[in-house]
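A.B. asks: Spelled out, the chains give:
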Amino acid sequence: MFITRYKDSTRMNHWAVALLFICAGLTGLALFHPSMYFFSVFFGGGQWTRILHPFFGLLMVLGFVFLFFAVLRDNFWTKVDTAWVKKTPELLKGNEHAMPKVHKYNAGQKGVFWLFAVCLVLLLITGFMFWQPWFADFFPIPLRRIAMLVHAVAALGLVLGVIVHVYAAIWVKGSFRAMTRGTVEEAWAKSHHPLWHEEVTRKEKKEVHTR
Amino acid sequence: MSSLQSLDIAARSATTATTPMARTHKPEVAKLIDVTSCIGCKACQVACMQWNDLRDEIGENHGTYDNPRDLTPQSWTVMKYSEITTKTEDEGDRLEWLIRKDGCMHCEEPGCLKACPAPGAIVKYTNGIVDFISENCIGCGYCVAGCPFDVPRISKVDSKAYKCSLCADRVAVNMEPACVKICPTGAIRFGTKEDMIDYAAERVVDLKERGYANAGLYNPAGVGGTHVMYVLQHADKPTLYAGLPENPTISPTVALWKGIAKPLGVAAMVGAAVAGFFHYMKVGPIETHHDEPDVHPTPGPDQRDDTRV
Chain A
27 MFITRYKDST RMNHWAVALL FICAGLTGLA LFHPSMYFFS VFFGGGQWTR ILHPFFGLLM
87 VLGFVFLFFA VLRDNFWTKV DTAWVKKTPE LLKGNEHAMP KVHKYNAGQK GVFWLFAVCL
147 VLLLITGFMF WQPWFADFFP IPLRRIAMLV HAVAALGLVL GVIVHVYAAI WVKGSFRAMT
207 RGTVEEAWAK SHHPLWHEEV TRKEKKEVHT R
Chain B
120 MSSLQSLDIA ARSATTATTP MARTHKPEVA KLIDVTSCIG CKACQVACMQ WNDLRDEIGE
180 NHGTYDNPRD LTPQSWTVMK YSEITTKTED EGDRLEWLIR KDGCMHCEEP GCLKACPAPG
240 AIVKYTNGIV DFISENCIGC GYCVAGCPFD VPRISKVDSK AYKCSLCADR VAVNMEPACV
300 KICPTGAIRF GTKEDMIDYA AERVVDLKER GYANAGLYNP AGVGGTHVMY VLQHADKPTL
360 YAGLPENPTI SPTVALWKGI AKPLGVAAMV GAAVAGFFHY MKVGPIETHH DEPDVHPTPG
420 PDQRDDTRV
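Protein chains in written order, with the numbering used here: chain A, 27 to 237; chain B, 120 to 428.
Calculated directly from the structure, the hints in this document are not laboratory data.
Note that the Cβ used here is the ideal one computed from N, Cα and C, for glycine as well.
One thing to keep in mind: the hints can contain errors.
As the list claims (entries may be wrong) - Distance condition first, Cα-Cα at most 25 Å in a straight line; then the derived BS3-like pairs of lysine-lysine:
#	chain 1	residue 1	chain 2	residue 2
1	B	K401	A	K119
2	A	K112	B	K300
3	B	K401	A	K199
4	B	K401	A	K113
5	A	K130	A	K229
6	A	K199	A	K113
Stated by the list, open to error - What the simulated footprint calls covered on chain A by chain B, stretch by stretch (three residues with Cβ under 8 Å from a Cβ of chain B suffice, anywhere in the stretch; the number is not a length):
#	segment
7	60-66
8	117-131
9	168-177
10	180-190
11	198-206
12	211-223
Sequences are here, hints too, so could you generate the full structure?
C.D. replies: Encoded structure:
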């Protein structure tokens, strides 16, 4: 039995953001450290990397805005989440049974969500502040210097968040199809998101009754 | 400007490996600008335009002698005129006209080179000249943030950064920079950095004898010294000279961003990925528990029939 976790529109939105993240990420890394400058060849060289990066980034942020509001409702922090975070070492040992019951998202997923949101806002604001050739000149040089540092730190936060996000999808078997097919096994929902599973099944029963 | 120089490279932007070090006997050069002998004729600006084939747009008169008002991608050196009044014991308030030839200082530790993300777009030659290699420049503007003197200018035409090259092409063939050659008063001199420091010392003694007690050489230590130096009447107050910074250093923000943040950032990203890999290999995946009967239902419509089951 499968239950729906994401609408088609949310999934397409997610993958658009993911692809744009890869493009913005690779062009950004090329400019961040010389050891990764070779990524610029995939984008037509250094000049094109510099030209394209802000557009990839801007589109990624725009895409994320829709995703943000699509999943915001289930990402507000609760007391259960604080309790969950305290138990994280148990989870990392593979002992999922020790964890408090989770709704649609666990505290780790919520943390990643808010990390993405904060980092993307910082990247957007600071990115404009040294976007050559159109916007950089509007900002004084000392401000641009701070923007460049904050941009790099926020990008690092985003990349680390994505590493956690992707690893979690690989680690917890059965998660990936939530984004590729939009559905998850009912057993998956029951073991990892029991409260969400209860809510979804209750709703379904209600619908059956009202019919 | 161009990579076709017969000069040895001491440092190269966005390059972590060591540059060739075999030739270490090259003397460091320097341009000495004696502000006290400058008459503000702007011949240096003209010579710079001529040698480097630069033609700036004709600007507007701002009611000052500064023309153009600031450095541009087409004006790599600009005379800056500052009118100041100094209090003297015997003469009362005295008007002084300080004329400083602005342009790249050719720092021993160039902030532009530190900030640049494009390999080989900025180089420092063994003789101390800092040069932009335009074909490698990507137009990101990081050099503008790196420079403590606000010198590099990004062209709106080709998105390349430009600044004084200290006529590296001339120096490479044993000629002095164009501005030095043209200067009618000998206010701009060129030679080994050692000789220029010695000559400046003589000038400072002269100036002190003439009543400029605070005369001195501007060769700021915060950037490891510069290969363009000034003799100033008021070396204790360099900001009088159209805002010449008192103690220029690479901004701590840029130093952090282009220093420790780079290796730490890469280590954090690679480390996180490697940690994930080993975590998976040690702990293994979290599987779905099929421990209740209703989780083995008949296959849904989107499941392919598999006859082997």
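A.B. asks: Look at each hint and say if it fits the structure.
C.D. replies: Against the structure, the hints:
1. B:K401 / A:K119: Roughly 9 Å separates the two Cα atoms, so the pair holds.
2. A:K112 / B:K300: violated (73 Å)
3. B:K401 / A:K199: holds (16 Å)
4. B:K401 / A:K113: Answer holds: B:K401 to A:K113 is near 19 Å, not above 25 Å.
5. A:K130 / A:K229: holds (14 Å)
6. A:K199 / A:K113: holds (20 Å)
7. 60-66: With 4 residues closer than 8 Å to chain B, the segment 60-66 of chain A meets the three-residue bar; holds.
8. 117-131: Contact hint for the segment 117-131 of chain A vs chain B: holds, 4 residues under 8 Å.
9. 168-177: Holds, because 6 residues of the segment 168-177 of chain A bring their Cβ atoms closer than 8 Å to Cβ atoms of chain B.
10. 180-190: Contact hint for the segment 180-190 of chain A vs chain B: holds, 5 residues under 8 Å.
11. 198-206: holds (count 3)
12. 211-223: holds (count 7)
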